[in-house]
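Let the sequences and hints guide you as you build the complete structure.
One line per chain: the protein sequences are F and U, in this order.
FYI, in the working numbering the residues of the first sequence are 22 to 500.
FYI, in the working numbering the residues of the second sequence are 18 to 117.
Hints listed in this document are in silico derivations from the structure and should not be mistaken for laboratory results.
Everything numeric in this text was worked out from a predicted model, so none of it was measured.
Mixed in with the good hints there might be a few duds.
[Said to hold, decoys possible] Here are the simulated DSBU-like pairs of lysine-lysine, each with C-alpha atoms no more than 30 Å apart in a straight line:
| hint | chain 1 | residue 1 | chain 2 | residue 2 |
| --- | --- | --- | --- | --- |
| 1 | F | Lys489 | F | Lys257 |
| 2 | U | Lys91 | F | Lys79 |
| 3 | U | Lys91 | F | Lys78 |
| 4 | F | Lys78 | U | Lys93 |
| 5 | U | Lys91 | F | Lys439 |
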Amino acid sequence: MKKLNELTIRQAYEGLKKGKFTSVELTNACLSRIKERNEKMNAFISVFEDTVLVEAKKADEMIANGQQQLLTGIPFAVKDAVNTLDSRSTGAAKILDNYIPPFEATVIAKIRAQGAVLIGKNNCDTFGHGASNENSMYGPVANPHDLTKVAGGSSGGSAAAVADNQCIFAIGEDTGGSIRQPASFCGIVGLRPTYGRNSRFGIMAMASSLDTVGPMTKTVEDTAILMEVMAGQDAKDATTVIDKVPKYTKNLNKKNKFVIGLPKEYFEAEGMNDEVKKMIESKIETIKKNKHLAIEFKEVSLPYTKYGIPVYYIIVPSEDSSNLGRIDGVRYGVRSSEAQDLYNIYAKSRDEGFPEEVKRRIMVGTYSLSSGYYDAYYNKAQKVRTLIVEDFNQAFAQVDLLLTPTSPFTAFGIGEKKEDILAMYLADMFVSPSAVAGLPAISIPGGKDSNELPVGIQIIGPRLSEEKLLNFANLIENV
Amino acid sequence: MNLDKEQILQIAVLARLQLKEEKLNMYIEQLSTVFQYVDMLAQVNTEGVDETTQVTGLQDVVREDIVVDSSEEKRKKLIALFPEKVGDLLKVDAVFENVD
Numbered sequence: 022m023k024k025l026n027e028l029t030i031r032q033a034y035e036g037l038k039k040g041k042f043t044s045v046e047l048t049n050a051c052l053s054r055i056k057e058r059n060e061k062m063n064a065f066i067s068v069f070e071d072t073v074l075v076e077a078k079k080a081d082e083m084i085a086n087g088q089q090q091l092l093t094g095i096p097f098a099v100k101d102a103v104n105t106l107d108s109r110s111t112g113a114a115k116i117l118d119n120y121i122p123p124f125e126a127t128v129i130a131k132i133r134a135q136g137a138v139l140i141g142k143n144n145c146d147t148f149g150h151g152a153s154n155e156n157s158m159y160g161p162v163a164n165p166h167d168l169t170k171v172a173g174g175s176s177g178g179s180a181a182a183v184a185d186n187q188c189i190f191a192i193g194e195d196t197g198g199s200i201r202q203p204a205s206f207c208g209i210v211g212l213r214p215t216y217g218r219n220s221r222f223g224i225m226a227m228a229s230s231l232d233t234v235g236p237m238t239k240t241v242e243d244t245a246i247l248m249e250v251m252a253g254q255d256a257k258d259a260t261t262v263i264d265k266v267p268k269y270t271k272n273l274n275k276k277n278k279f280v281i282g283l284p285k286e287y288f289e290a291e292g293m294n295d296e297v298k299k300m301i302e303s304k305i306e307t308i309k310k311n312k313h314l315a316i317e318f319k320e321v322s323l324p325y326t327k328y329g330i331p332v333y334y335i336i337v338p339s340e341d342s343s344n345l346g347r348i349d350g351v352r353y354g355v356r357s358s359e360a361q362d363l364y365n366i367y368a369k370s371r372d373e374g375f376p377e378e379v380k381r382r383i384m385v386g387t388y389s390l391s392s393g394y395y396d397a398y399y400n401k402a403q404k405v406r407t408l409i410v411e412d413f414n415q416a417f418a419q420v421d422l423l424l425t426p427t428s429p430f431t432a433f434g435i436g437e438k439k440e441d442i443l444a445m446y447l448a449d450m451f452v453s454p455s456a457v458a459g460l461p462a463i464s465i466p467g468g469k470d471s472n473e474l475p476v477g478i479q480i481i482g483p484r485l486s487e488e489k490l491l492n493f494a495n496l497i498e499n500v
Numbered sequence: 018m019n020l021d022k023e024q025i026l027q028i029a030v031l032a033r034l035q036l037k038e039e040k041l042n043m044y045i046e047q048l049s050t051v052f053q054y055v056d057m058l059a060q061v062n063t064e065g066v067d068e069t070t071q072v073t074g075l076q077d078v079v080r081e082d083i084v085v086d087s088s089e090e091k092r093k094k095l096i097a098l099f100p101e102k103v104g105d106l107l108k109v110d111a112v113f114e115n116v117d
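The structure is reproduced here in structure tokens:
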């Protein structure tokens, strides 16, 4: 018999509908789990114990009045780099330690309009800067499968909290793998939607041409449920597309035919762990042998794959240095007590309130955009970006979707890669190219290695192909 | 490519970061490492290739030029966030005082 906090959105919805339990009981089950585990795991920066139970009570009233929707009364958590109304949002940065937004991200407002209840804010790499959650100014997050290992990043707290059943689902943010990679390390489902599919309004901005916000869940179906609620054009985000939002849950189980590309540059990459590779290849064989599925695999080539990381690490720091200019200790946040003049209000507040990785990226970006270097760096990177986009286009002319490992390895030890900046950047080698091209990509669990650490399978699709992507992911999820 | 101390200090001013003296060598090393790595892009032939500045293809997304009011409640919350204030006014150091 599953504990209440172990349920999926679908299961919780059914249970609440049938009156098997209340939202208050469901929420208390999650709160107990958080109390039990937060000291060891540190997946939460803020827990909203009082307000979430008030919300849960309201949700129970909604259900009693026949107003229940899929997300009503479901406890969820949000990455702290996403603003939530009247509730502390730090971005895991000390400079925003006391920041309480008077507004909320559009996607969060949509979820809460259905009556989902906000249990707390997840720890993350500060402002999304990292691939292990070790760059947080609030301490690292431990992987629930092995507390000595990282949860991944930057949405490490969200992934760990969902995997550990501290909440039913979480909302994360993915600029260059920050939903998918921690999902892979923690053994859950994480979707990076098509850039422009979900509104970025209210997300603490990192790289405006790459940032996305998406669901982190226990099942593919739960992700589909959330995407139906989250997706859509928003007047507050001029980069959202006008395309109609499909009913993603409708055809999840349809046994459609698929031709799946296997890009050789991913499977043969330097640094690709042997065991992870073998596990994914074995899963592919299992799918091939399944007589109920019409799935064909084909080798493809994406020759510009290796440029994904250098392109990413010029474009993102550049856009990031511009976006983080607004965090300056002037109108909100923590202002340095050492500042004796206006320049130092900016310069000391930022030096004190940002972690090292954020300062590094701001400096890389500032330099890349500066006079004399703009052409060699930012402009050049945007051109190679075009080549990466075309790389994927030629692949999708041959296949429906691409299947790759999400990460070249499983979760590494806390502290193991922290000092090696490049090694940390290369952790994102399989998730960066699709991010640079603005494509949707999902990571689903693909078993556990010999150390009981989760392996993630990534599926990438053309722009706005979430329906196909979720259908395929759902079909192979439990094969 | 390797950065030197003068460049780091110049970048720091542009980025409004008051870096600690004892950490400067660390930043020089780390930033040089990053730039040496991304320099591999120079080997890619991008002749005749246009930049991708955004992937949606959207253009000129505009709204009507009308004033939308904010609420008094929101205004109070924003003022409450000021790190230093006098009444309802945000307090900052003078722009032209104590300038080096």
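Please verify whether Lys489 (chain F) and Lys257 (chain F) have alpha carbons no more than 30 Å apart. holds (28 Å)
Next pair to validate is Lys91 (chain U) with Lys79 (chain F); report whether the Cα-Cα distance is within 30 Å. holds (24 Å)
So if I understand the rule, the pair passes when the alpha-carbon distance is 30 Å or less; does Lys91 (chain U) with Lys78 (chain F) pass? Cα-Cα ~26 Å, so holds.
Does Lys439 (chain F) sit within 30 Å of Lys91 (chain U), going by the straight-line distance between their CA atoms? Roughly 41 Å separates the two Cα atoms, so the pair is violated.
CA of Lys78 (chain F) to CA of Lys93 (chain U), is that 30 Å or under? Since the Cα atoms of Lys78 (chain F) and Lys93 (chain U) sit roughly 28 Å apart, the hinted pair holds (cutoff 30 Å).
Against the hints set out earlier in the document, a violation occurs for number 5 only.
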